[in-house]
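Start from the sequences and build out the full structure, keeping to the hints where you can.
Protein chains: 2
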Amino acid sequence: MSDKLVSRSDDFNEWYNTLVLKADLADYGPVRGTMIVKPYGWALWENIQQALDRRFKATGHVNAAFPMFIPHSFMERESKHVEGFSPQLAVVTHGGGQELEEPLVVRPTSETLIGHAFSKWINSYRDLPVLLNLWNSVVRWELRTKLFLRTSEFYWQEGHTAHATLEEAEFETRQMLDVYTDFAVNDAAVPVIPGEKSPLERFAGADRTLTIEAMMGDGRALQSGTSHNLGQNFAKAFDIKYLDANNSLQYCWTTSWGLSTRFIGAIIMVHGDDQGLILPPRLAPHQVVMVPIYKNDTEKSAVLPVAERIKQELVEAGIRVKVDQREHLSPGFKFNDWEMRGVPVRIEIGPKDVTNNVAALARRDKPGREGKQFVSQEGLAQTVKGLLDTVQEALLERARRFRDERTYTVDNYDDFKEAIKTGFAKVWWAGSDADEQQVQAETKATLRCLPLEQPGGSEVCFYTGKPADRIAIFGRAY
Amino acid sequence: MSDKLVSRSDDFNEWYNTLVLKADLADYGPVRGTMIVKPYGWALWENIQQALDRRFKATGHVNAAFPMFIPHSFMERESKHVEGFSPQLAVVTHGGGQELEEPLVVRPTSETLIGHAFSKWINSYRDLPVLLNLWNSVVRWELRTKLFLRTSEFYWQEGHTAHATLEEAEFETRQMLDVYTDFAVNDAAVPVIPGEKSPLERFAGADRTLTIEAMMGDGRALQSGTSHNLGQNFAKAFDIKYLDANNSLQYCWTTSWGLSTRFIGAIIMVHGDDQGLILPPRLAPHQVVMVPIYKNDTEKSAVLPVAERIKQELVEAGIRVKVDQREHLSPGFKFNDWEMRGVPVRIEIGPKDVTNNVAALARRDKPGREGKQFVSQEGLAQTVKGLLDTVQEALLERARRFRDERTYTVDNYDDFKEAIKTGFAKVWWAGSDADEQQVQAETKATLRCLPLEQPGGSEVCFYTGKPADRIAIFGRAY
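In order, the protein sequences belong to chains G and E.
Numbered continuously in the working numbering, the first sequence closes out at residue 478.
Numbered continuously in the working numbering, the second sequence closes out at residue 1478.
These are calculated hints, taken from the structure and not from any lab test.
We put the CB at the ideal spot given by N, CA and C, even for glycine.
A hint or two may mislead.
Distance ranges between label pairs, derived from CB positions [as the list claims (entries may be wrong)]:
1) G:ASN247 / E:ARG1369: 39 to 45 Å
2) E:GLU1393 / G:SER73: 49 to 55 Å
3) G:LEU452 / E:HIS1328: 33 to 39 Å
4) G:ARG401 / E:LYS1057: 37 to 43 Å
5) G:ASP389 / E:ASP1127: 32 to 38 Å
6) E:ASP1127 / G:ASP11: 25 to 31 Å
7) E:ASN1247 / G:ASN296: 24 to 30 Å
8) E:SER1330 / G:GLY386: 52 to 58 Å
9) G:SER73 / E:LYS1057: 39 to 45 Å
10) E:ASP1389 / G:VAL62: 24 to 30 Å
11) G:SER432 / E:ASP1127: 56 to 62 Å
Structure representation (structure tokens):
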């Protein structure tokens, strides 16, 4: 546990792979491409779930559960959908000892099952909107495993909604992107760029895909959540119709949106350092770890009751606190261990602190003396709450500064190529699909998004030289 | 929605199947054997999850997530396990467009994956105990679908633990059965009989299986949760070993325990009546439904603000309340609709009630005048809280009386055959596996459990005539 990581700047990839294991977040499953999410990683995901679920319910959504098996023929009803997902499917051909008449697909996403159900459930405009969310796992075949970022099975939520009009569907698509943005920025301290995907990067079957894009600690991009306006594509493929107020039959407009355990990868890669994880306080399984320090039984009997009292005060103040009472480990070992796991604040309490009525607080995000202070035990819960807020803000601020410093506004291809070596290129863009593919082939950079926030006006496209009325963000992506 | 159900006493089976659909709990998936859990059913399951998860965490367990795919060879390592589960497996043979070298099983339960992981994770006695729980879905192939009771895919939790000694594993097995019993009795108002399964009915791979058995409204039995002492069977099959304090290598002792969406079937069949569901207040998605009553805009503007104020008071008191403001439906329709969905308490508020500062409360478990009362709006939240507790107790009491009345202590085979037509037969039992199979073949009744609570002493076995020192409960089961 206490062995060092490779330095983040020396080998970011190796740093990430080792950290996920050392911080005890996840492990490899026995089947290639699969992942075991260990208790510490799952507790982080449960906090992400709660942070999102609260927002989904506040915007009127309800949870449900759909089967994991999809008849193979369902996948084929929407032509772009099947084209996009076919190469990634896991197929069940035998059940109960028999070969199946029709093979079953393990869901890569549930639009088709939802389409089938909506067509049964929706009859009248009074049934609309339908605002569903599912928490589950999906399967998209992968051979090159990278824990949290690329696994055959991953955990996520998938929202699915049906509406009477295009305007309502468009409102929903944007609303859920705003929910993701709010969660990313304010709970995960991950600054994201909300934007629209180019046609090439759209979800298979969508008319429009919105995305939040984040910059990782090596300057590369991670698509961190997407929200799709599916138009009437699935409504037509699955015959989702409703009788409007004039008794006339209309196709519905549908949306879908998802955020996955991939986001844990973003948290690791945005905030972590050479000592390990740094978790944003709002999502950390343990916001505070307390390490009682003593050398003998006399000191122990002085320290432990105070540690217990402080713990109670913190718990009552709603702080998630862990007391590390492991007997066979030194305080120094424990400090390193909890730093690896990214607990935002550490409290040390020893015999002198008990005498002086103080405690030592150490911030995970500021190593050494700079992040350490001795504070009074009086009002400690309030002090700690304040410090957690400070850490939360500092993480966001640091990540934002890093991203802004590495986002380069460029107007020619040479500068573009230089920019995407270490970060994002921000450019005026009027290219075609073919131009976009060409840029990718030549530079490995992809069009991450056309930001929702645009400067307005018109400039020259950096690549085609044509007049462009929008800026785009390019970057090399995970 | 308001159409009548068939009477429970006329056709219990049809009553159940129709009710699940009419109460909007679940629907059939497009693949035979699969189930869609609709938002109302899923909200009930989420409340069950919370009630159990709280108890799991209080007893030191942590959640994690394991992959759904198991290498086929893993299933074969524990001989009884593969024998028990082979006929029910769904098998993935193709992934990413290729035929797989080794077919994958979609988990029917995760003992084998857990065994593989434990063997990697556990090294020393300091690593023990490991106390895990997983919330997921599993697949056991079924062709005859019955929603919640028998579906190819179902939702559950599976606990998996590893211990240093047999005694600790035995303590855990019993502790988790007690957790299930406490949940069933105190949250679901389902009186259960905690007991041990006979060797024939054990989990495939267990040394000992404990169970909670409940009686449904037609007198039949439902196994409602099980807890298994797996001995060293999986430890030996998967090489789960630890170094003890004397530096000597030992096999671990493991347990597993599960409770599934099947339990929703128990809640429906124990409490429901001819008007629909009756949900126990502690688990009901809506504990209270409020129906504002008005005939014109003047009345509406008098009633709605009071309804809103009452709602706020109830929400602040921690009561889950739904206000039914649907404009196009009559109060009578709404009453029937919420009765079908089993909301424990209804509040009616009309213009007269506003004038008189009262509200009408109607209990779902007591139809008509008997269950209805007018109460003051002063302190209404407390009144409602008290009423919810009363309903909760009344449901448990009624179910317990029903079960006790239909549990017949019998000492001969004729009376036994009569008893199991309408309920449970309680008998002294000293039969062999073959005797047990013979009884089942002749009567369709199975040995539900050997209750943990035994009278002591010894009597004559009703079937073999041999001396018996234990009583057993037999019944026809779902």
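Among all the numbered hints in the text so far, which are the ones the structure does not match? Per hint list: zero violations.
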